[in-house]
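> Its first residue numbered 1, the sequence shown is counted upward by one per residue in this note's numbering.
By construction, these hints were calculated from the structure, which means they are not laboratory data. A few of these clues could be false.
To be verified - Taking lysine-lysine pairs in the DSSO-like style, the calculated list, with each CA pair at most 27 Å apart, reads:
{"no.": "1", "residue 1": "LYS23", "residue 2": "LYS41"}
{"no.": "2", "residue 1": "LYS7", "residue 2": "LYS23"}
{"no.": "3", "residue 1": "LYS23", "residue 2": "LYS5"}
{"no.": "4", "residue 1": "LYS12", "residue 2": "LYS23"}
{"no.": "5", "residue 1": "LYS7", "residue 2": "LYS29"}
{"no.": "6", "residue 1": "LYS29", "residue 2": "LYS41"}
{"no.": "7", "residue 1": "LYS29", "residue 2": "LYS3"}
{"no.": "8", "residue 1": "LYS12", "residue 2": "LYS41"}
{"no.": "9", "residue 1": "LYS29", "residue 2": "LYS12"}
{"no.": "10", "residue 1": "LYS39", "residue 2": "LYS29"}
{"no.": "11", "residue 1": "LYS3", "residue 2": "LYS23"}
What the hints assert, rightly or not - With beta-carbon atoms standing in for the labels, derived distance ranges:
{"no.": "12", "residue 1": "VAL65", "residue 2": "THR34", "range": "16 to 26 Å"}
{"no.": "13", "residue 1": "MET17", "residue 2": "LEU44", "range": "14 to 24 Å"}
{"no.": "14", "residue 1": "THR34", "residue 2": "MET1", "range": "51 to 61 Å"}
{"no.": "15", "residue 1": "SER8", "residue 2": "ALA56", "range": "50 to 60 Å"}
Backbone N, C-alpha and C fix where the C-beta goes; we use that ideal spot for every residue, glycine too.
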Amino acid sequence: MPKMKTKSGAAKRFRAMGGGRIKRSQAFKRHILTKRTTKSKRQLRGMTGVHETNSASIRAMMPYV
1 MPKMKTKSGA AKRFRAMGGG RIKRSQAFKR HILTKRTTKS KRQLRGMTGV
51 HETNSASIRA MMPYV
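My request is simple: use the sequences and hints to build the entire structure.
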């Protein structure tokens, strides 16, 4: 059997954590940030985990993660 390809868009957006969970970056921090408070922008920093309901579809896009 040939190797399965990883979706390149998913590879740019998701990484695997040590325990096997998938991490993603936070949304809503690209533009129109003047109306947001400093606290809300600060809380959008860093990475967060993917919800369990979406992890199966992401694993299908990234078979070797």
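> Each hint needs a verdict: does it hold in this structure or not?
Hint by hint, here is what the structure shows:
1. LYS23 to LYS41: With Cα atoms ~19 Å apart, LYS23 and LYS41 stay inside 27 Å; holds.
2. LYS7 to LYS23: holds, 16 Å
3. LYS23 to LYS5: holds, 20 Å
4. LYS12 to LYS23: Distance of about 12 Å is within 27 Å: holds.
5. LYS7 to LYS29: holds, 24 Å
6. LYS29 to LYS41: The hint holds at about 7 Å.
7. LYS29 to LYS3: Violated, at roughly 36 Å.
8. LYS12 to LYS41: The hint holds at about 23 Å.
9. LYS29 to LYS12: At roughly 17 Å apart (the allowed maximum being 27 Å), LYS12 and LYS29 satisfy the hint.
10. LYS39 to LYS29: holds, 12 Å
11. LYS3 to LYS23: holds, 24 Å
12. VAL65 to THR34: 16 to 26 Å: violated, 37 Å
13. MET17 to LEU44: 14 to 24 Å: holds, 19 Å
14. THR34 to MET1: 51 to 61 Å: For MET1 against THR34, whose Cβ atoms are near 53 Å apart, the range 51 to 61 Å holds.
15. SER8 to ALA56: 50 to 60 Å: Given range 50 to 60 Å: violated, Cβ gap about 20 Å.
Of the numbered hints given earlier, the model fails hints 7, 12 and 15; all others are met.
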